[in-house]
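Trainee: Next come the chains, spelled out residue by residue.
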Amino acid sequence: MLRLIVTRISTAAAAIFGASILAFIFLRVTPGDPARLIVGPLASAKTLEAQRHAMGLDQSLWTQYRDFITSFIHGDWGFSYSAGRSVAGEIGSRLPATLELGLYAFVLAFVAALVAALLVTYRRRKEADNAARLFAFTALGVPPFWAGLLLLLIFSEHLHLLPGPEGRLSLATQPPGKITGFYTIDALLHGQLATFADAVRHLILPVLAFALVPFGYLFRLLRANLLEVSREQYLLVARSKGLTEWTAFRRHALPNACLPALTASGLMLGQLIIGSVLVETVFNWPGVGEYVVTAITRQDYAVVQTFVMLSACAFVLANAAVDVLYGVIDPRVRVSAAA
Amino acid sequence: MSSEGLTADVGSQVAVTRERRGRWERSSGLLRLAIEDRLALAGLIVLSVLIVLAVFGPLLWPQDPLAVKLSHTLQPPSFAHPMGTDGVGRDVFARFCAGARTSLIVATMVVLVSGVAGGAIGLVAGLSRGLTGVVLMRAMDAILAFPPLVLAMAVTLGLGAGVTAATIGIAITTVPYFARIIRSDVLRIRGLPLVEATVALGASKSRLIGRHVLPATLPTVLVLGTAAYGDAILTLAGLGFIGLGVQPPAPEWGTMITQGLQYALSGQWWVGVFPGLGVLGAVVGISLIGDRMRDLIDPTGTALGS
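Protein sequence lines correspond, in order, to chains A and B.
Letter by letter, the first sequence follows residues 1 to 339 of the numbering used here.
Letter by letter, the second sequence follows residues 1001 to 1306 of the numbering used here.
Don't read these hints as lab results, they were simulated from the structure.
One or more hints might be untrue.
Said to hold, decoys possible - According to the in silico footprint, chain B covers these stretches of chain A (three or more CB under 8 Å from chain B):
1. 171 to 183
2. 291 to 297
3. 305 to 311
Just so you know, even glycine gets a beta-carbon here, dropped at the ideal spot from N, CA and C.
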């Protein structure tokens, strides 16, 4: 077990190190001249030189890389001139909005995928299976921002059932006092039911647009796992010792089929990061993804750099944690990983 | 898919499929593989239509996708403009066809470039027993450390937004998938007795690789290629949405959807809806075909990519 943890941590560290080099090459070395971007095209050569010096661009590449990494590790992520404050502060204040959206989307995606996979594998109806498979493929083929556009067109512009792209709350609604940063939870904790209802109404469309891709992944994964597990001999044994079809399925097939879905939760974090970038702007959702998109259009490099490095770290660590956790739960994995 | 996955009597069904598969391998062909399955057939049809529009669009519909016509802005779909016109009076259908061309070309380039590069890396890593293999696979891990769109975003930003940078960015994110799968295939094949036998017969290394190792990896590479193709189209649209892909006024589905967003709430749905349908059709079409191919390669239905 210890061996699995050590191996996994060292490969994760190597991956992050490699990723930091890639990020450094693409975001610090290749773009024209970051100093010129800041001072503008009209600045004199002297100003440019001063700016280059201030940014450390006149140092050797190695020194620049070392500074890049040291300041990243120290949480000194630079100043964001598009937001007018430190990058760390701005990301910190926007994170709850993204997490609230992502959390509800994943709960929805997982529950829906599990129910759908159960329906098609337990009953084994071919038409249902084809329909569900087509829907899963569609979910995976839809650009999330286009799904958002369609949802807005149907439910907001056409049916007037739900609010348009106005962020987390209506203009007239005051945000609840901050406890968790999740408006739905904070509103309930403060007993403000009207605020809660408003927050929920604003969440529905972005959550749906966000949940499509993870639903597609999880449905396909769970369906394949359930089909595979239902052919295992221990299921035959369970049935032949007198368990009903459903009990055998629920006790013996379901847990084993869900286990590999755990591996996917690392991938899901990647989807959370991508989804946040692609969905939030559509709904003017004040989260991290919207900030990054704005920063890109305004060439606010410090923000993009931080975002790229942070997502690599989060993605790698989550995958490593999942692998280790998987080893804890399933002894077969432990044996093969240590071998 | 395949009834075989869903039938209770799995054992005999697999045997039947194996037998059928034997016949297929003798008289194969993409068309034949697809027709067997209705969903795959639908995918093939949708994809073919898009390819025809991309290739022959300018002949079939000779309107200029870039021609601004301020007297004809935001017109709903009609005979003159099957998909309407956008905010500056450009014909959305002509732009749709040009967008199809961009997406399909970029996706093809991505699959070719990353397939060849990833294949070479995987082959070398699988055959080398020393440091080279380790270093190469660590480099692949570094690329996989990023969520795909995020790395493509960083590369495109670094190289300067545009279609070439986007293609390079997407190709870089795709290389590790090919490298990993080919490496594991090579490792598997390397252990087979046929390799030992071929070496014993005195075959050269290049003959061993060219005649025995590479052909054996082909099925998995084809399936992965279809998945990579769909992902490339989606990522290109995503980059376009962020503003890093194909630069306006050049028509591209992702940027067209972004432009459509500002008209969504005033009722001009056609500006953004049609390009999204293009992305959807292309991606779903290719994945249905790829899924069918995967079933045929592995009839037990246990394989799962993604």
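Trainee: Take the hints in turn and mark each one as holding or not.
Mentor: Hints and how they fare:
1. 171 to 183: Our answer is that it is violated, as 0 residues pass the Cβ test (under 8 Å) against chain B, missing three.
2. 291 to 297: holds (count 3)
3. 305 to 311: That given contact holds, which follows from 3 residues of the region 305 to 311 of chain A lying within Cβ reach (below 8 Å) of chain B.
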